[in-house]
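Fit chains B, C and D to the given chain A structure using the hints.
4 protein chains.
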Amino acid sequence: MIVIMKPNAAPQSVNAVLSFVEKHGLQTHLSQGEEVTIIGIVGDKTKLPTENLVSYKDVDRIVPVTESYKLANRKFHPEPTTVQAGSASIGPGSLTIMAGPCAVETESQLVEIAQAVKEAGATILRGGAYKPRTSPYSFQGLEEEGLRYMKEAGKAFGLATICEVVSQEAIEAAVKYVDMIQIGARNMQNFILLKEAGRSGLPVLLKRGLCATIDEWLNAAEYIIAEGNPNVVLCERGIRTYETSTRNTLDLSAIPVLRERTHLPIIADPSHSTGSYRYVPPMAKAAVAAGADGLMVEVHNNPACALSDGPQSLTFKKFARLTSELKPLCALFGRE
Amino acid sequence: MIVIMKPNAAPQSVNAVLSFVEKHGLQTHLSQGEEVTIIGIVGDKTKLPTENLVSYKDVDRIVPVTESYKLANRKFHPEPTTVQAGSASIGPGSLTIMAGPCAVETESQLVEIAQAVKEAGATILRGGAYKPRTSPYSFQGLEEEGLRYMKEAGKAFGLATICEVVSQEAIEAAVKYVDMIQIGARNMQNFILLKEAGRSGLPVLLKRGLCATIDEWLNAAEYIIAEGNPNVVLCERGIRTYETSTRNTLDLSAIPVLRERTHLPIIADPSHSTGSYRYVPPMAKAAVAAGADGLMVEVHNNPACALSDGPQSLTFKKFARLTSELKPLCALFGRE
Amino acid sequence: MIVIMKPNAAPQSVNAVLSFVEKHGLQTHLSQGEEVTIIGIVGDKTKLPTENLVSYKDVDRIVPVTESYKLANRKFHPEPTTVQAGSASIGPGSLTIMAGPCAVETESQLVEIAQAVKEAGATILRGGAYKPRTSPYSFQGLEEEGLRYMKEAGKAFGLATICEVVSQEAIEAAVKYVDMIQIGARNMQNFILLKEAGRSGLPVLLKRGLCATIDEWLNAAEYIIAEGNPNVVLCERGIRTYETSTRNTLDLSAIPVLRERTHLPIIADPSHSTGSYRYVPPMAKAAVAAGADGLMVEVHNNPACALSDGPQSLTFKKFARLTSELKPLCALFGRE
Amino acid sequence: MIVIMKPNAAPQSVNAVLSFVEKHGLQTHLSQGEEVTIIGIVGDKTKLPTENLVSYKDVDRIVPVTESYKLANRKFHPEPTTVQAGSASIGPGSLTIMAGPCAVETESQLVEIAQAVKEAGATILRGGAYKPRTSPYSFQGLEEEGLRYMKEAGKAFGLATICEVVSQEAIEAAVKYVDMIQIGARNMQNFILLKEAGRSGLPVLLKRGLCATIDEWLNAAEYIIAEGNPNVVLCERGIRTYETSTRNTLDLSAIPVLRERTHLPIIADPSHSTGSYRYVPPMAKAAVAAGADGLMVEVHNNPACALSDGPQSLTFKKFARLTSELKPLCALFGRE
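Keeping their order, the protein sequence lines are chains A, B, C and D. With this note's numbering applied, the first sequence covers 5 to 340. With this note's numbering applied, the second sequence covers 5 to 340. With this note's numbering applied, the third sequence covers 5 to 340. With this note's numbering applied, the fourth sequence covers 5 to 340.
These are calculated hints, taken from the structure and not from any lab test. This list has only true hints and no planted wrong ones.
For identical chains, the list gives no copy identity; a pair is met inside one copy or between any two copies.
PhoX-like cross-link-like pairs, simulated, lysine-lysine; straight-line CA separation at most 25 Å:
hint: 1; residue 1: Lys10; residue 2: Lys322
hint: 2; residue 1: Lys49; residue 2: Lys10
hint: 3; residue 1: Lys61; residue 2: Lys321
hint: 4; residue 1: Lys27; residue 2: Lys51
hint: 5; residue 1: Lys61; residue 2: Lys322
hint: 6; residue 1: Lys159; residue 2: Lys122
hint: 7; residue 1: Lys74; residue 2: Lys10
hint: 8; residue 1: Lys51; residue 2: Lys61
hint: 9; residue 1: Lys74; residue 2: Lys61
hint: 10; residue 1: Lys10; residue 2: Lys79
hint: 11; residue 1: Lys27; residue 2: Lys61
hint: 12; residue 1: Lys79; residue 2: Lys61
hint: 13; residue 1: Lys199; residue 2: Lys49
The following block holds chain A by itself, in its conformation from the complex (with noise of 0.2 Å):
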């Protein structure tokens, strides 16, 4: 950590702070300038409320040099990891692509979008029991009813199941059904879901938050791991700009930043991202090729009849098309 002194500190508020970091057990490093005192500071920085530096006289700024991250950090494991979840593996040589609807409506409807998305080559079926919406009088799921017929549903075509929780109550009952649990971007600063999800032992998808920064993604990811969970991957899923042709804006250059900073998988969502299934082909193809380890795409039996989300899903036709388009790609990008 660095602190930047204003130009001409006085002598005297140097020395503050060079004494309240040693107290506080830490090593300093002065270096003066022409302009401009800087103060380097070594040492087990928890032990140092750091940010009430700025609070002192003539400090201009604080600029951090490690990352609070460490269990999800790339620095200190530098070998990518693979997340296994149920039958299906999530990592480096695979295109990992989880399926399904929006919502889970009925058990007839999620065997059939089921037995599609397996024959197009899906491997993890997707589906939302409990929803976040908006608006109090929106439909917020089927719950445990929800879940059990993505049980049946996966045993029935052999695919792995992950369904989005929104609470310690749907994490119980997930444990009962799905092979992966799906925290949600409005949810991924809710601490204590993070760590309930951590102590789940089920792999975990973390979506990133609608305005999160990467850093604050990781540190998100840092939550769930450090539980002893370490089977996390990340999902973008578009962040919010002031653009409005697209739902979100899908930051496909995350991918290559995350693959720098950390081990953890790292998958994309273009149906959430784009709000529109005619975007979802283009987006799902660049993301590939920015390095996604996979892919999360919504395919509805009905997308015009949909009760969440329908006019970002893919018919079964378009997302068999998807997949096939997919193939010489992932060849190219030796993705299995």
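Chains B, C and D only, in chain A's frame:
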């Protein structure tokens, strides 16, 4: 709701939309222009999976004409609401000042701060006992012990008390100790927590999410009110933008916008939004001039040693100067 | 255009809008719902100060139903356009690579770079002679001397040439030396410059403004085309968001969105958008997968010594590896 | 400037940076921590292509410690500047109100408005004669004829005058007719225009770019001052964010931030930022409370018929009420 068809939409596409809508028991009004056909829809929209109309052939856009929040909506409740929190009331005609440390640290610290903010004119003591922190390795709060200190300090100085809650467990504890609970920015769309807050019986301060639109925020308030709890206060605390000179961008325009859309009281937090004590006084005054019903301000006995958010805390002296400067401003704006 | 009245608008308010519109020679279609009255407007909108309708009593919102750009609009020109720039063509069926230094520094440097990018497969040489720089104390470009070097280097290696222009004077010089001009992000809404570019007779690469919406961008293109110059190529180069891990956020979803709305060719700039040479290869590939007609890539003989934007420049070796990796990808996407 | 090396950077990487810097005639200060090595750089940074250091092996980040603007910087000019525009002065101790129509439409209209704003207390008449419009098909202004009307109306009522300029030609015309020129948001980084404005001899109102950071804005001011023209006034007019309830988000925190960084006067524009006359009065008051030296407000004799930006214009009556409400507020804040 209005469906706008694409230019030169085929008659059968128009008919498909008409029959889809009418099949769900709603009425349609057709308006055919030279360039564009428009379909107005009248009736109970909760019966219609309206967002899916976008998937219909030749449909260009759907334009909603009514808001999804009802109980929070000024259209249906023209009179402004006053919320009572213990001995303090928040609403028209007064300026309620909530002040205290970001995090409760020790009993003696809290007592010292409570006395100082009371003397300077605050009526509600704020203090965090459950801290949502970006990194799992940062200080997370004293939890129930902190709530107990809050109760005692409030009682000692005749202050109402408010504390952030992050889980059902925290709500259950809060009910025993404090007069009002706060839902923080990171949990604004934690719908489970919103519902639990609604059922708690306590008045709720609902902070705006870091990148929440005003309508999403009002829908979050709707979740609380829909549980039978009308005592919701909104708190503007800055939104995330590209500008990094302040921690967030305090969106004071939200105050007059909210005033039109809702009957709920609105306060502002100049401490968390700017992230620097130097900007707190001007932004506190600006918030009052923009029409705020109250302010939430961080005050600390020793900002340079605070365990959380020191740089943005006011000293006792600076806080007393601020409240004395606010007095003539309040008089000018017809507040208490 | 549609006027949405507020719920329970007074009949005289509705009549005021009707007569205002009809007075300007346009037709109205009234649609009265249970909750809301809607007025459709048909006719020549250029005769109507439509935005002012919002000031009318009981008017809630105005919803446009047609875009303000016509010449750039795919609705009226369904066939994709191919733009010819000297010996190079940009459009469907090929992937045009523009490469070169951010700023032209010396003649020998440019010759060396031109040879390298030609050998690696670029067909257009890029190089800045007029540099818009945030600080007035940064290097501002070689101006006409730089253009002369561009012409010579292009001729020597059979490359077309492109250079950014920032003023009428620069356009006048550019006409003498280069095959295509570029309007940079900061000048995307410098309408005087857009018109002059339109009158220059040269094809124009129009970069997206740093926070321009897709529709503002297409309107900027319309300014150029309206001067009789249909040879406009759009370049996505990243938008400004809250995320700081990359210099800007490359909005690749803009490519399929633009594909629907316009017939103009679209390229992407992975260098300026990410700000780091390490992210250029994955984002270049992602742009091709998303449907880009070309790429603009910064290449430098010695990035560590570049006078401008060194950190994002590729070395010759890295650029040659990128173009060789792009070849099978192009084959897959049916590009040259 | 500080160079932060990656953890465990090789000694030869550190040496490469040291020798690169020293070769350019600057001094280095080495600080080796347990985890990280830091190199402080002292001397004339204009001699160093500093951004390229990032390309060096094992370099993690470059942290600037001084701002690139000097003439606009409060560090070197602690006293606040007062700018004189004709008979009006803008700076500490007064609140300067600039008012008038968005666009000059006819001579009689302008005379009528000038009289009304003078009576209500404005000292500067604003009016657009050159309008930068998103669509080429929108009204673009009366140009020199409009300037002539401005001069006459200003003279008739003893008002100073200000007009936006968009080109060198417009500046040349403006010099003949008005007292102050305005650079609009879209041209804030049109560096050619900034330089020409600097050479015009007229005081310049520099609006903040739609997504400009505060530092980019101050660098734009530096372009003008560096041409020998110190008479620059900054105008906060809203930034682009994801929130669409207001046209832009008025960033009032920018006022206290600017106050620290620059000696230049700062005003706010509540009309363009909010886009609605209903929000102008509260935001005007909030701007004064935040410390603004002045306001720019749109006023129109008949907002519903305005050729440009009608919905945000105040009527004469509403404007007079606003200025009368501002008076006691000004008294409170020590402004004339």
